[in-house]
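Enquirer: Going down the list, the sequences are from chains F and U. Quick note, the first sequence lines up with residues 4 to 230 if you use our numbering. Quick note, the second sequence lines up with residues 340 to 741 if you use our numbering.
Any given hint might turn out to be false.
Unchecked claim - Calculated pairs, DSS-like style, for lysine-lysine (alpha carbon to alpha carbon, straight line, at most 27 Å):
#1 U:K382 <-> F:K212
#2 F:K144 <-> U:K397
#3 F:K172 <-> F:K183
#4 U:K382 <-> U:K397
#5 F:K123 <-> U:K529
#6 U:K474 <-> F:K143
#7 F:K183 <-> F:K66
#8 F:K66 <-> F:K144
To be verified - Which residues of chain F face chain U? A few of them, derived with a C-beta cut under 8 Å, are:
#9 D37
#10 D39
#11 P95
#12 I130
If you're looking for bench data, these hints aren't it; they were derived computationally from the structure. For each residue, glycine too, the CB sits at the ideal point set by N, CA and C.
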Amino acid sequence: MRPGTGLRLAANCCSSERTLTSSDETLTGHSTSDLDLNILVIDEDPVRRAILEAGLREAGFTKVTMLGNTIGLVAQIYALDPDVILVDLENPSRDELEQMFQVSRTVRRPIAMFVEKSDKDTIEAAIDAGVSAYIVDGLKKERVRPILEMTISRFRAFDRLRSELEETKSALRDRKVIEKAKGILMKSRGLDEDAAYALLRKTAMTQGKRLSDVAEGLISAFDLLKE
Amino acid sequence: MSASTPSTSKLETEIHAGFIPLTDCAPLVMVSELGLDRAAGFKLHLHREVSWANIRDKVDVGLFDCAHMLAPLPLAAQLGIGRATQELIAPVALSLNGNTITVSTQLFNDMTAADPGATAQGGMSGAKALAAVVKQRAGEGARPLAFGIVFPFSCHNYDLRAWLASAGVDPDNDVNLVVIPPPLISESLKAGRVEGFCAGEPWGSVAVADGSGVIIATKAQLWRNSPEKVLGVRSLWADRHPDLMDELVRALVQAGQWLDEPGNRLAAAGILADPRYIGVSKERLEPGLALESITFHGHGATRPRLAHAIWILTQMIRWGQAREPFDIARTAASVYRADLYARAMAASGPPAVDTAEVLMPENPARFFGGAEFDPANPLASLSDRRLRASGVDVGRFKQLTP
Numbered sequence: 004m005r006p007g008t009g010l011r012l013a014a015n016c017c018s019s020e021r022t023l024t025s026s027d028e029t030l031t032g033h034s035t036s037d038l039d040l041n042i043l044v045i046d047e048d049p050v051r052r053a054i055l056e057a058g059l060r061e062a063g064f065t066k067v068t069m070l071g072n073t074i075g076l077v078a079q080i081y082a083l084d085p086d087v088i089l090v091d092l093e094n095p096s097r098d099e100l101e102q103m104f105q106v107s108r109t110v111r112r113p114i115a116m117f118v119e120k121s122d123k124d125t126i127e128a129a130i131d132a133g134v135s136a137y138i139v140d141g142l143k144k145e146r147v148r149p150i151l152e153m154t155i156s157r158f159r160a161f162d163r164l165r166s167e168l169e170e171t172k173s174a175l176r177d178r179k180v181i182e183k184a185k186g187i188l189m190k191s192r193g194l195d196e197d198a199a200y201a202l203l204r205k206t207a208m209t210q211g212k213r214l215s216d217v218a219e220g221l222i223s224a225f226d227l228l229k230e
Numbered sequence: 340m341s342a343s344t345p346s347t348s349k350l351e352t353e354i355h356a357g358f359i360p361l362t363d364c365a366p367l368v369m370v371s372e373l374g375l376d377r378a379a380g381f382k383l384h385l386h387r388e389v390s391w392a393n394i395r396d397k398v399d400v401g402l403f404d405c406a407h408m409l410a411p412l413p414l415a416a417q418l419g420i421g422r423a424t425q426e427l428i429a430p431v432a433l434s435l436n437g438n439t440i441t442v443s444t445q446l447f448n449d450m451t452a453a454d455p456g457a458t459a460q461g462g463m464s465g466a467k468a469l470a471a472v473v474k475q476r477a478g479e480g481a482r483p484l485a486f487g488i489v490f491p492f493s494c495h496n497y498d499l500r501a502w503l504a505s506a507g508v509d510p511d512n513d514v515n516l517v518v519i520p521p522p523l524i525s526e527s528l529k530a531g532r533v534e535g536f537c538a539g540e541p542w543g544s545v546a547v548a549d550g551s552g553v554i555i556a557t558k559a560q561l562w563r564n565s566p567e568k569v570l571g572v573r574s575l576w577a578d579r580h581p582d583l584m585d586e587l588v589r590a591l592v593q594a595g596q597w598l599d600e601p602g603n604r605l606a607a608a609g610i611l612a613d614p615r616y617i618g619v620s621k622e623r624l625e626p627g628l629a630l631e632s633i634t635f636h637g638h639g640a641t642r643p644r645l646a647h648a649i650w651i652l653t654q655m656i657r658w659g660q661a662r663e664p665f666d667i668a669r670t671a672a673s674v675y676r677a678d679l680y681a682r683a684m685a686a687s688g689p690p691a692v693d694t695a696e697v698l699m700p701e702n703p704a705r706f707f708g709g710a711e712f713d714p715a716n717p718l719a720s721l722s723d724r725r726l727r728a729s730g731v732d733v734g735r736f737k738q739l740t741p
């Protein structure tokens with residue numbers, strides 16, 4: 004997760020300037036470069052959004068627009084005229100978006116969900132990773148697959164990051180609880196720090212419990228006795 | 340029980356189900372909370388989702404085996420018009436009634452000014468007052484009123500449209516119908532993005548409680564004992580796990596029975612208030628859980644009724660969602676699997692519930708203010724050009740329906 008590196012790499016292969024492609028080109032599938040595909044990402048999570056944007060830019064995609072909320076989306080979509088739209092599954096506005104893709108006259112080209120039966124595995128992986136993709140009608144799925152694969156791997160990376168963060172947080176919480184329980188034992192039983200810790204560990208082992216659970220139990224019992 | 344189950348067979352007894360935070364997800368929640376799943380030898384894993392599109396996609400790719408679904412969802416999947424690729428069936432229904440049409444306080448005041456009698460009466464009459472406001476606004480060149488619905492393939496969409504059409508309001512041209520997910524719908528009313536909505540509880544009661552809306556009609560007023568949610572199941576999964584399918588149907592029927600005991604509704608509100616389920620206070624869940632608002636077991640609520648499926652499919656034709664000809668009766672029977680329901684219930688001894696197909700509507704006076712509908716000849720209800728979307732060619736469907 005170092006967007007800076009990726010951005011420098013991307014600068015080697017393509018110009019950062021926006022180039023205009025005619026929509027005919029996109030529809031007939033003879034675009035000079037798939038890196039010109041217009042990609043819109045809608046994701047409320049700023050961290051995941053940054054991870055995904057870095058990934059897309061590293062891969063050389065230059066026309067990437069990131070949106071954090073769906074307010075005024077119709078106008079945005081009209082202005083951007085995207086070829087591909089990626090939406091995170093936690094976004095409650097998905098139903099609204101789909102309806103808009105189907106009926107809105109303000110969306111210039113019809114937008115379909117990326118559901119080709121032949122590409123079932125990619126779709127499953129996307130849904131499993133927590134993202135849905137929509138593409139304009141007529142755009143060949145082969146051209147979109149690299150984008151989707153990139154998105155899936157970045158979503159998964161984000162998930163790992165989030166669970167690692169959760170683990171770190173809970174480890175920190177555990178450590179605080181254990182420190183406090185140790186303090187209680189030291190004061191009330193006149194033990195030194197090592198002996199207090201050893202007692203907690205022994206209790207945890209004989210009761211088959213986690214150390215932090217034993218510590219937590221001790222703290223709440225101590226609080227009860229105090230009152 | 341699950342701890343002693345060997346790991347090899349464990350997968351065979353676990354069911355993953357998705358749900359949307361709505362009062363009518365109650366039967367699924369109760370199967371888990373009352374331990375009806377463990378008593379029957381399986382484990383139900385519930386997954387809260389934020390959109391119907393997520394429910395559809397996760398069932399479609401097999402992340403879920405089944406889900407709390409809007410009754411029209413599996414039918415749309417069968418017709419290939421709902422973006423789903425897998426066949427879905429409805430072997431058991433989850434609830435009857437439960438929706439409200441709620442309007443903003445401002446619109447309610449405008450309706451009262453335009454037609455005080457009809458507004459005060461509410462229900463089907465409320466539409467007349469709304470029609471007066473719509474006409475008035477058109478005359479003044481004001482922006483058309485916007486109404487929120489939760490999904491294109493939903494009874495909410497069809498209820499609201501039928502209600503509007505009954506008073507001569509064209510739902511496609513006289514008002515603007517927009518899709519808003521249930522948890523955001525009362526917020527949208529408050530923020531003035533829509534002037535009204537048709538959604539499941541508790542969202543109407545939430546709008547009333549925060550002072551932003553007035554419930555002008557309940558589903559029970561529009562059509563008493565009308566279809567709402569079903570358990571949508573991957574057809575493949577049901578074929579592969581017939582015994583588990585039967586156990587799940589029976590557990591859901593038991594949950595419905597428990598929920599319909601008057602004394603249990605308050606306890607249910609307490610359980611559903613949990614953030615893992617609906618995450619709305621008990622007090623705000625209670626109106627939507629009143630016995631007259633929603634039925635989980637009585638009136639054959641759990642039985643998938645063909646007549647309901649036929650009505651829903653007819654609405655899809657009526658409003659131009661289904662354009663390719665199909666056989667209405669056959670499609671209804673292939674999705675609403677009353678046979679699977681009967682199979683599950685037969686195994687539990689003599690039928691505890693009425694399994695006979697009921698006439699529909701049961702009480703014509705409580706069916707959209709006396710509208711006509713004959714499940715044996717559903718297209719007759721679409722003969723009036725004013726009561727359907729423009730451009731719908733009813734004749735195309737006639738040839739296929741005997």
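Enquirer: Is the Cα-Cα distance between K382 (chain U) and K397 (chain U) 27 Å or less?
Expert: With Cα atoms ~19 Å apart, K382 (chain U) and K397 (chain U) stay inside 27 Å; holds.
Enquirer: Check whether the Cα positions of K474 (chain U) and K143 (chain F) lie no farther apart than 27 Å.
Expert: Given pair K474 (chain U), K143 (chain F) is violated - Cα atoms ~47 Å apart, limit 27 Å.
Enquirer: For the hint on D37 (chain F), does the least C-beta distance to chain U fall short of 8 Å?
Expert: Check failed: Cβ of D37 (chain F) comes no nearer than 25 Å to chain U, outside 8 Å.
Enquirer: Does the structure keep K144 (chain F) and K397 (chain U) at a Cα separation of 27 Å or less?
Expert: holds (21 Å)
Enquirer: If you draw a straight line from the CA of K183 (chain F) to the CA of K66 (chain F), is it 27 Å or shorter?
Expert: At roughly 53 Å apart (the allowed maximum being 27 Å), K66 (chain F) and K183 (chain F) break the hint.
Enquirer: Would the pair K172 (chain F) and K183 (chain F) pass a check requiring their Cα atoms to be no farther apart than 27 Å?
Expert: Holds, because 17 Å separates the two Cα atoms, which is no more than 27 Å.
Enquirer: Can D39 (chain F) be said to touch chain U, with a Cβ gap under 8 Å?
Expert: violated (28 Å)
Enquirer: Has the given pair, K382 (chain U) with K212 (chain F), been kept, meaning a C-alpha gap of at most 27 Å?
Expert: holds (25 Å)
Enquirer: When you check the alpha-carbon spacing of K123 (chain F) and K529 (chain U), does it fall within 27 Å?
Expert: violated (41 Å)
Enquirer: Going by Cβ atoms only, is P95 (chain F) closer than 8 Å to chain U?
Expert: holds (4 Å)
Enquirer: Does I130 (chain F) pass the interface check with chain U, least Cβ-Cβ distance below 8 Å?
Expert: Where the cut-off is 8 Å and the nearest Cβ of chain U is about 5 Å from I130 (chain F), the hint holds.
Enquirer: What's the verdict on K66 (chain F) and K144 (chain F), does the C-alpha distance respect the 27 Å limit or exceed it?
Expert: OK: K66 (chain F) and K144 (chain F) at ~18 Å, within 27 Å.
Hint compliance for this structure: hints 5, 6, 7, 9 and 10 are broken, all remaining hints hold.
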